[in-house]
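Student: Chain by chain, the residues:
Number of protein chains: 2
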Amino acid sequence: MSSGTQRPRIGIIGTGAIGGFYGLMLARAGFDVHFLLRSEFDAVIRNGLQVNSAVHGALALERVQAYCSVADMPPCDWLLVGTKSTSNDGLAPIIAQASAPGAKVLLLQNGLAVEEQLRPLLPEHLHLLGGLCFICVHRVEPGVVAHQAFGAVSIGYHSGPAIDREGRQAIVEQITGMFQSAGVESHAMADLQQARWQKLVWNVPYNGLSALLKTSTAPLMADPDSRDLIQALMEEVRQGAEACGYALPPDYPRQLFETTEKMPDYKPSMHHDFVNGRPLELEAIYARPLAAALAAGCDMPRVRALYQALAFIGRHKG
Amino acid sequence: MSSGTQRPRIGIIGTGAIGGFYGLMLARAGFDVHFLLRSEFDAVIRNGLQVNSAVHGALALERVQAYCSVADMPPCDWLLVGTKSTSNDGLAPIIAQASAPGAKVLLLQNGLAVEEQLRPLLPEHLHLLGGLCFICVHRVEPGVVAHQAFGAVSIGYHSGPAIDREGRQAIVEQITGMFQSAGVESHAMADLQQARWQKLVWNVPYNGLSALLKTSTAPLMADPDSRDLIQALMEEVRQGAEACGYALPPDYPRQLFETTEKMPDYKPSMHHDFVNGRPLELEAIYARPLAAALAAGCDMPRVRALYQALAFIGRHKG
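Heads up: the protein sequence lines correspond to chains A and B, in order.
So the first sequence is numbered by this note's numbering: it starts at 1 and just counts up by one.
So the second sequence is numbered by this note's numbering: it starts at 1001 and just counts up by one.
Bound conformation, chain A alone (with noise of 0.2 Å):
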C-alpha cells in the first residue's frame, strides 16, 4: 500500500465467485487477505485459488491463506462477505468472531435491506458497509471462477461508530482505494439504498428470468417476447424506486439493457442455484422490494407475477 499506514487484514467470508474473485485480486496486489471456506477448503489448499478472466487472463493464487473454521483465523480489519443472501441468518456470528474492534464489515450481496437484516445482529464497534458488484463472474469448480467482463464495486456507507459524513466518506475511500490499487474500479455511492434499487432493475429481470426460463443472457436478449418481457418488469422496478423515494435516471433502464446487449452470454446466479437446488434469494431481490413498494403505494404485477412463480419452482425443484 501506498499509504504508508499499517497494512489492513482482509478477511473474505464466503469465497465463491464474488469472494473469490476480489480476494484473489486484493491478494495479488499484496494486500494480507485470509479466505473462510467450506466445501472447497481442501481443493483450495490442494491448488490454491484461480481465476479464469477474459479481462485480467489467467490469474492464479497458488498459496492461500485458508480456513475452514473462523476459529481459526486472525482478527480482521476488513471482512468482505460474499455470501449467499439466503444464509444471513448464521452470518452474523462468524462475522463477529473474525472480526478485530471496530473491522469494517463490507456486504457484498444482492437486493434491498440484507444490511436492515445483518445489523441488528453485529457488534456495535463494527461497521457494516453494503456493496454492489457490477460483475459477470461464475464458480466452475472448487477453488475455480470463471470471470467473463465488467468488475466494478459501488460501496457505500450503512450503519456503525462512523456518525459523521466525513467519517464515512474516509471508511469508504479507504476500501474503494484498496480495490482501485488491485485493479478493480470501485466508486462510493452517496446513497446506498438508491444503488441497491438501481442494481434490482438488472437483478429482477435477469436472475429471475434465468432461474425460471432455464437460460442466459443472450438468449433472453435475442428473443421478441423476453426482450419486452425485461424492458416491462425494467421500468416496473424504476416505478418501484420512484415511489420509495430514489428517483433513478429516467434512461438508466435503457442503458442496462443496451450494456447487457453487449455483454458475454451469462448465466446470472440465480440461474446457477436453481440448476444446483440451492435455495434461491427471493427475500432480498423480490420479496422485500415488491413489500417496499407497495408499501409506498407502487405494484409492481409483472415482478410480483415473476416473484410468485420462482416461489412456486424454488418450493418444487427437484
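Incorrect hints may have been included.
[To be verified] Mimicking BS3-like on lysine-lysine, the simulated pairs with C-alpha atoms at most 25 Å apart in a straight line are:
#1 K267/A / K1214/B
#2 K1262/B / K1199/B
#3 K1214/B / K1267/B
#4 K317/A / K1199/B
#5 K1317/B / K214/A
#6 K1267/B / K214/A
#7 K267/A / K317/A
#8 K1317/B / K267/A
#9 K214/A / K1214/B
#10 K1317/B / K317/A
[What the hints assert, rightly or not] Restraint ranges, calculated between C-beta atoms of paired labels, are given here:
#11 D1089/B / R315/A: 35 to 43 Å
#12 Q231/A / R1278/B: 26 to 34 Å
#13 P1120/B / Q231/A: 33 to 41 Å
Source of the hints: derived by calculation from the structure; they are not laboratory data.
Ideal placement from N, C-alpha and C gives every residue a C-beta, glycine not left out.
With chain A fixed as given, assemble chain B onto it according to the hints.
Tutor: Only chain B this time, still in chain A's reference frame:
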C-alpha cells in the same frame, strides 16, 4: 334417436382426448360416428377406442368406423373438430371435404376468435358453431383416453346459412340434444364470445402455469404464491372481458377457483403439449385476448408476462 328424423352422420376430426371421448360417447349411444385418424389409425383399427372414465367407468368401442384419409369418409351432417387450434390453417379443406351440403361444424377448441380464423376458409353452405368443453380428459396412448372429471359442452352458433335467431337456436338444440341423449351434459350459449371469455378465466392461468412451471393443478392449488398468481390472472381476464363488452358474473373467477380446488389433480393440455414438444396454443389463449383487451383500453400485465414467458419457452424447448 327419439326425434324420428333421419339419423345424422357425425364425423370426428382429430381423435385425441376431446374427439375420442365425445365421439365414443355418441357412438355408444347409437349415433353413426365416423373417425378421421392419423397417427392413431393402426391402433384404433386393431384395438378399438377406449375411455377409462372416473365418471362412467371403463368404456370401449370395439368396431370403430375409422379412416386415415378424409377422401374415404362418407359426407357427414355434423363435424366435431377437436384438433389443436395451432393447426387450424390446414383444417378448412379437410372439413369441406368431409361435409355433406349444409353440414354443421362444431369447433371444440379453447381460446378466442378460433371461429373467425376458420370461417373465411370454409364454404358458405356450412354452419359453424363453437363449443367449450368443461372436462378433465387426456390421451394416454393411441386410442386410449383417460377421463378424470366433468364433461359438459357449452355450444353457440357462430355463422352460416341460418340467419334468424330461431334457425340458429334449432341447430344448437339439435346438437345439445344429441349430446344429452348420449349422457353428456350440454347447454346452449346465448353468446359464444362471452362463453369463450368465461372459459379463458380458467385456461389462461392453469394452461400456462402448468406448462411454465411443469406442474399440474393440485400443486398449483396447494402453494400460496401460485394461488395468489392464479387469482390475479383470473381477475385480469375478467377485467379484459369486461373491457371487451362481456361482463362476467363478478364472482365467476372465485367460483372457477373453488371448483378447481375440488377437482382431481389435472394436467391441462398445454402441459402435455410442452412436455411432448408440440406447439403451444398461445395465439388463441393469450395473444388474441391480449390484443382484444388492449384495443379496448385494458392492459392485462400479468397475463402478458405469462404469455411472453410461454412464447420464450415455446421457442426454446428441447
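Student: All hints, please: hold or fail.
Tutor: Consistency of the hints with the structure:
Proximity of K267/A to K1214/B is assessed by CA-CA distance (about 21 Å); at most 25 Å being required, the pair is judged to hold. Taking the CA atoms of K1262/B and K1199/B, the gap is about 18 Å. The hint holds against a cut of 25 Å. For the hint linking K1214/B to K1267/B, the alpha-carbon distance of about 9 Å falls within 25 Å, and the restraint holds. Restraint check for K317/A and K1199/B: the C-alpha separation of about 30 Å exceeds 25 Å, so the hint is violated.
Restraint check: the Cα-Cα separation between K1317/B and K214/A comes to about 10 Å, which is no more than 25 Å; the hinted pair holds. A hinted pair counts as satisfied when its Cα atoms are at most 25 Å apart, and K1267/B with K214/A qualifies at roughly 21 Å. Among the hinted pairs, K267/A with K317/A is consistent with the structure: their alpha-carbon atoms are about 18 Å apart, no more than 25 Å. Proposed proximity of K1317/B and K267/A is supported: the alpha carbons are some 18 Å apart, at most 25 Å.
With a C-alpha separation of about 12 Å, the suggested pair K214/A and K1214/B falls inside the 25 Å cut-off, and the hint holds. The straight-line distance between the Cα atoms of K1317/B and K317/A is roughly 18 Å, inside the 25 Å bound, and the hint therefore holds. A hinted range of 35 to 43 Å holds for the C-beta pair D1089/B and R315/A, which are about 40 Å apart. Taking the beta carbon of each, Q231/A and R1278/B are about 30 Å apart, inside 26 to 34 Å as hinted.
At roughly 35 Å, the beta-carbon separation of P1120/B and Q231/A lies within the given 33 to 41 Å, and the hint holds.
Taken one by one, the earlier hints fail for this structure only at number 4.
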